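Starting from the given sequences, assemble the full structure and let the hints guide the process.
Those protein sequence lines, which keep their order, are chains A and B.
Residue 2 is where the first sequence starts when you use this note's numbering, and the numbers rise one by one after that.
Residue 2 is where the second sequence starts when you use this note's numbering, and the numbers rise one by one after that.
Everything labelled a hint here was simulated from the structure, so no lab data went into it.
There is no bait here: all hints are sound.
Put simply, identical chains are the same to the list, so a pair is met inside one copy or across any two.
When the alpha-carbon atoms are kept at most 20 Å apart in a straight line, the in silico DMTMM-like pairs for lysine to aspartate or glutamate are as follows:
| no. | residue 1 | residue 2 |
| --- | --- | --- |
| 1 | 299 | 194 |
| 2 | 241 | 294 |
| 3 | 196 | 276 |
| 4 | 196 | 323 |
Remember, it's a predicted structure, so these values are computed and weren't measured experimentally.
Number of protein chains: 2
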Amino acid sequence: MKKVLIIGAGRSSTCLIGYMEEKAEIYDWRITVADRDGGMLRDKVSERSRVIILDIFDEDQLKMEIEEADLVISLLPARFHPIVARACVELSKSMVTASYESSEIRALEKEAKERRLLFLNEMGVDPGLDHMSAMRVINQIREQGHEMVEFESFTGGLIAPESDDNPWHYKFTWNPRNVVIAGQGGPAKFLQEGKYKYIPYNRLFRRTEMIEIEGYGRFEGYANRDSLSYLEKYGLEGVKTIYRGTLRRPGFCRAWNVFVQLGATDDTYLMPGVENMTHRDFINSFLYYNEHDSVELKLFHYLHIDQDSDVIEKLKWLGIFDKTKIGLKEATPAQVLEHILKKKWQLSTDDKDMIAMWHKFIYKDRDTGEIKEKTSSLIVLGDDKVNTAMAKTVGLPLAIAAKMILTEEIKLSGVYIPTSREIYEPVLKELEDYGILFLESE
Amino acid sequence: MKKVLIIGAGRSSTCLIGYMEEKAEIYDWRITVADRDGGMLRDKVSERSRVIILDIFDEDQLKMEIEEADLVISLLPARFHPIVARACVELSKSMVTASYESSEIRALEKEAKERRLLFLNEMGVDPGLDHMSAMRVINQIREQGHEMVEFESFTGGLIAPESDDNPWHYKFTWNPRNVVIAGQGGPAKFLQEGKYKYIPYNRLFRRTEMIEIEGYGRFEGYANRDSLSYLEKYGLEGVKTIYRGTLRRPGFCRAWNVFVQLGATDDTYLMPGVENMTHRDFINSFLYYNEHDSVELKLFHYLHIDQDSDVIEKLKWLGIFDKTKIGLKEATPAQVLEHILKKKWQLSTDDKDMIAMWHKFIYKDRDTGEIKEKTSSLIVLGDDKVNTAMAKTVGLPLAIAAKMILTEEIKLSGVYIPTSREIYEPVLKELEDYGILFLESE
Chain A
2 MKKVLIIGAG
12 RSSTCLIGYM
22 EEKAEIYDWR
32 ITVADRDGGM
42 LRDKVSERSR
52 VIILDIFDED
62 QLKMEIEEAD
72 LVISLLPARF
82 HPIVARACVE
92 LSKSMVTASY
102 ESSEIRALEK
112 EAKERRLLFL
122 NEMGVDPGLD
132 HMSAMRVINQ
142 IREQGHEMVE
152 FESFTGGLIA
162 PESDDNPWHY
172 KFTWNPRNVV
182 IAGQGGPAKF
192 LQEGKYKYIP
202 YNRLFRRTEM
212 IEIEGYGRFE
222 GYANRDSLSY
232 LEKYGLEGVK
242 TIYRGTLRRP
252 GFCRAWNVFV
262 QLGATDDTYL
272 MPGVENMTHR
282 DFINSFLYYN
292 EHDSVELKLF
302 HYLHIDQDSD
312 VIEKLKWLGI
322 FDKTKIGLKE
332 ATPAQVLEHI
342 LKKKWQLSTD
352 DKDMIAMWHK
362 FIYKDRDTGE
372 IKEKTSSLIV
382 LGDDKVNTAM
392 AKTVGLPLAI
402 AAKMILTEEI
412 KLSGVYIPTS
422 REIYEPVLKE
432 LEDYGILFLE
442 SE
Chain B
2 MKKVLIIGAG
12 RSSTCLIGYM
22 EEKAEIYDWR
32 ITVADRDGGM
42 LRDKVSERSR
52 VIILDIFDED
62 QLKMEIEEAD
72 LVISLLPARF
82 HPIVARACVE
92 LSKSMVTASY
102 ESSEIRALEK
112 EAKERRLLFL
122 NEMGVDPGLD
132 HMSAMRVINQ
142 IREQGHEMVE
152 FESFTGGLIA
162 PESDDNPWHY
172 KFTWNPRNVV
182 IAGQGGPAKF
192 LQEGKYKYIP
202 YNRLFRRTEM
212 IEIEGYGRFE
222 GYANRDSLSY
232 LEKYGLEGVK
242 TIYRGTLRRP
252 GFCRAWNVFV
262 QLGATDDTYL
272 MPGVENMTHR
282 DFINSFLYYN
292 EHDSVELKLF
302 HYLHIDQDSD
312 VIEKLKWLGI
322 FDKTKIGLKE
332 ATPAQVLEHI
342 LKKKWQLSTD
352 DKDMIAMWHK
362 FIYKDRDTGE
372 IKEKTSSLIV
382 LGDDKVNTAM
392 AKTVGLPLAI
402 AAKMILTEEI
412 KLSGVYIPTS
422 REIYEPVLKE
432 LEDYGILFLE
442 SE
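Spelled out as C-alpha cells, the structure:
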C-alpha cells in the first residue's frame with residue numbers, strides 16, 4: 002500500500018484531493034492531507050483518508066510524516082517548498098508542486114539524481130498546463146521540420162460569463178494577495194521581432210495586447226514576468242518573439258493602473274493610522290492636499306481620468322470613496338487594498354469561475370518558406386465556488402502527475418518542469434476526460 | 002600633535018582638505034588623506050600632509066591607520082561608513098561623516114557613550130546645513146513662545162546662472178549615480194495639513210512645488226524620501242505640515258519623468274547585449290515594436306508628449322536618439338543612462354555650480370494667535386569645476402565640526418546629527434566667513 006502526503010489544503014486543493022481519493026480506491030493508496038489549520042480540513046477530505054495538523058516549521062513532525070510517505074505533494078505557498086524539499090531529499094522521497102521552480106529547488110538536482118528522486122514543479126495551470134499545451138504544439142511543428150519564429154502565450158483566472166456581474170468582470174479565484182502585487186519585483190522582459198523589450202511596473206497595465214477566444218469574446222493581456230527565461234526552457238533559442246502574458250477582460254488593466262499609479266499596491270511599508278482610516282482616507286493619502294476639492298475629483302484630475310470614463314464606474318463600484326472604516330489594525334497599502342477588494346471581489350456560492358488560455362505559434366514552413374500561424378486555446382469553467390476552474394486546472398495536472406509517479410508510468414529522476422513529452426503527453430490526454438481540452442487551429 | 006585621518010578623496014573633498022590643512026598649520030595637526038585610488042590623490046593634498054592608498058576591506062591596514070589617528074573623517078559612500086565606524090569604536094576614536102545616519106551607526110550609540118566617543122553624521126549640505134539652518138530658526142521661534150505649525154525645506158545642487166547653458170539647466174555636481182536613482186526605494190512620505198501623504202516613485206516627478214528665491218528666480222521641488230522622520234529629529238511633533246524636497250530648475254522634473262516612466266532608471270537587472278547597443282537602441286528597448294515608426298515618435302506617443310513640448314528639446318539635446326554606441330560592456334538601465342548623461346552633463350573647467358536652499362516656517366504668534374511666516378534661504382556659488390559650491394557646502398561644515406572636536410569646543414559623546422545648538426551655532430557662525438550665509442525674512 003503506497004502512501005501519499007498532501008501538504009496544504011487551501012483554495013486550489015479540492016480537485017486534487019478528490020482525484021487522489023478516487024484513485025486511492027483503485028490503486029489501494031493511503032492518503033494523508035496535512036494543513037496548518039485544522040478548521041475546514043475534514044470537510045475537504047473523505048473518511049477514508051487521514052487528516053493531520055502539520056506545522057512545517059516543526060522539523061521533527063515534518064520529517065516523521067514525510068518518512069511515512071512514498072510521495073509528497075506540496076500545495077503550500079511557493080516560499081515554503083524548499084523546506085519540504087530539503088526534508089524530502091534527506092528522506093529520499095519524490096515531490097510535486099504547482100509552483101515556479103525556485104533556485105533553491107533547482108540546487109537539489111544533483112542529489113535528486115543520485116538518489117533517483119523526482120522533483121516535479123510547475124505542474125499546475127500557469128505554470129503547468131501552459132507549458133504542456135505549448136510544448137505539444139511546438140514539438141509537433143518542429144517534428145514536421147518547420148522552424149518556430151514566434152511564440153505568445155496568455156493565461157487568466159477569470160469569471161465565467163454567466164457569473165460576470167460586476168464592472169471589473171473580475172473576482173478573486175485564487176490568492177488575492179498575488180493579484181494585488183502582480184507585476185512587482187522587476188520589469189516584464191520579452192523578445193519582440195528580435196529586440197529585447199522591457200516594461201516597468203508603472204507602465205505594465207498600459208501596454209496590453211488584445212486577443213479573442215472564439216465563443217468567449219475579447220480579452221486583454223499584460224506581460225507576465227520574465228518571458229526570456231522560456232527561450233531556454235522551451236528550446237526556442239533563435240525565435241524572434243517570445244511573450245507570456247496574463248489575461249483580463251478589456252478595461253480591467255486601465256482601471257487597475259489607477260491603484261498602481263497611486264502607490265496603493267505598495268507592499269513595502271506600514272501606513273501609520275490605518276486603524277482609524279476609512280476607504281476614502283486611504284485613497285486620499287496618495288493625493289495632494291486641498292481643503293475644498295473632493296477626493297473623487299482630485300483623483301480624476303491627478304490621473305487624467307475623463308468624467309465619462311468607465312474607470313470611474315469601476316472605482317466607485319469598489320467603494321474606495323466610501324467613508325467605511327477599513328477595519329485593519331496595521332497594514333501596508335497593498336494589504337489595505339486587498340482588504341477593500343475582498344469585500345467586493347468575492348465569489349458567491351453559485352458563481353462559476355473560468356480559466357482562459359491562448360497560445361499563438363508562428364512558424365516558417367519547411368517546404369514553402371511561408372510564414373504560418375497556429376493557435377491553441379482552452380476554456381475551463383468552474384462548477385461552483387468550491388470546485389472552481391482554478392482548482393481543477395491547478396489540481397488535476399498535479400494529481401495526474403502524482404498518480405503516474407506512484408504507478409511508475411513516469412520514471413524520471415532529477416528536477417523537472419513538464420516540458421518533457423513523457424510528462425505532458427499522458428497528462429494532457431487524461432485531462433481530456435475531465436473536459437480540459439485544447440482547441441488547436443491553423 | 003593631533004592626527005586626523007580623512008578617508009575618501011572624491012569630488013566633495015577639496016574644500017574639506019583645504020580647510021583642514023589650513024587649520025593644521027595653526028593647531029599643529031598631522032593630516033593623512035586615504036583613498037582606494039592613488040591616481041589623483043597627490044594633486045588634492047599639499048606636501049605637508051601624508052597620502053596613503055587604503056582599501057577599507059583590508060581590516061589590518063584600516064585598523065592600523067585608525068589606531069594612529071585622533072579623529073576620523075569619512076567621505077566614503079554611505080554604505081561603507083559602518084565598516085569604518087565599527088573599527089573606530091573598537092579603537093576608541095571619534096568619527097564624522099556627511100551622510101545620513103544609518104541604523105548600523107545608530108546601533109553604536111551605547112558603546113560610543115561608554116567610551117566617550119562622538120559619531121557625528123549628516124554634517125554636509127543636505128543632510129547637514131539644512132538641519133542646522135532650520136533648527137536655528139525653529140528654536141528662535143519656540144524661544145519666543147510661538148508655536149510651529151508648518152515646516153518645508155528644499156535643497157538643490159544646481160548650476161550657477163552664468164554657467165547655465167543647456168536646456169535641462171542641470172549638470173552633475175556630485176555623484177551621478179545618486180542623481181539617476183534618486184527617489185527609488187520606497188515612496189516619499191510627508192505630512193500635509195495633518196494628513197499623511199505618500200508619493201510613489203512613478204509619480205514623484207509630477208508632484209512638484211514651485212518656489213522662488215529672490216535674485217535667482219524660480220525653482221521646482223520634488224519630495225525627498227521620508228520627511229516624517231524629521232518630526233522627531235527636529236522636535237516638531239504636532240505640526241500640521243512637514244515636507245522636505247529637492248530643487249531643480251522648472252521643467253527638469255517633467256522631462257526626467259520620461260526616464261522614470263520608460264524604466265530607464267531601473268538599477269535592478271543587467272540588460273543583455275548592451276555592448277552592441279546604441280543610445281537609440283537603449284531607448285527603443287522600453288518601447289513597443291513597430292517596424293515603420295521612429296523611436297522618437299513611438300516615445301512621444303507612448304508618454305503623451307506634444308510635438309511642441311520643451312521635453313522634446315531636452316531629450317534630443319541629450320543625444321538619447323543618436324546612433325552612438327553606448328560604450329559599456331554590461332550594465333543596468335540606470336548605469337547606461339548615467340553613462341549617456343555623463344557625456345552631456347559634465348562641468349566644463351570654468352563652470353560654476355550652485356547650491357540653493359530654502360526653508361519656510363509657519364508659526365502661530367504667542368500673543369496675537371496670528372499665523373505668520375518666516376523664510377530662510379541660501380545660495381552658494383562655486384569658484385570653478387574643482388572648488389564647487391557642493392564641495393564647499395559638504396566639506397566646510399564637516400571640516401569645522403572636525404576642528405571643533407579636535408579643539409574640544411564640541412565635547413558631546415554618542416551618535417549625533419547637528420540639530421543640537423552646541424553644534425549648529427558655532428558651525429553656522431564660522432561658515433559666514435566663507436560666504437555661506439542664510440538670508441532670513443519675515
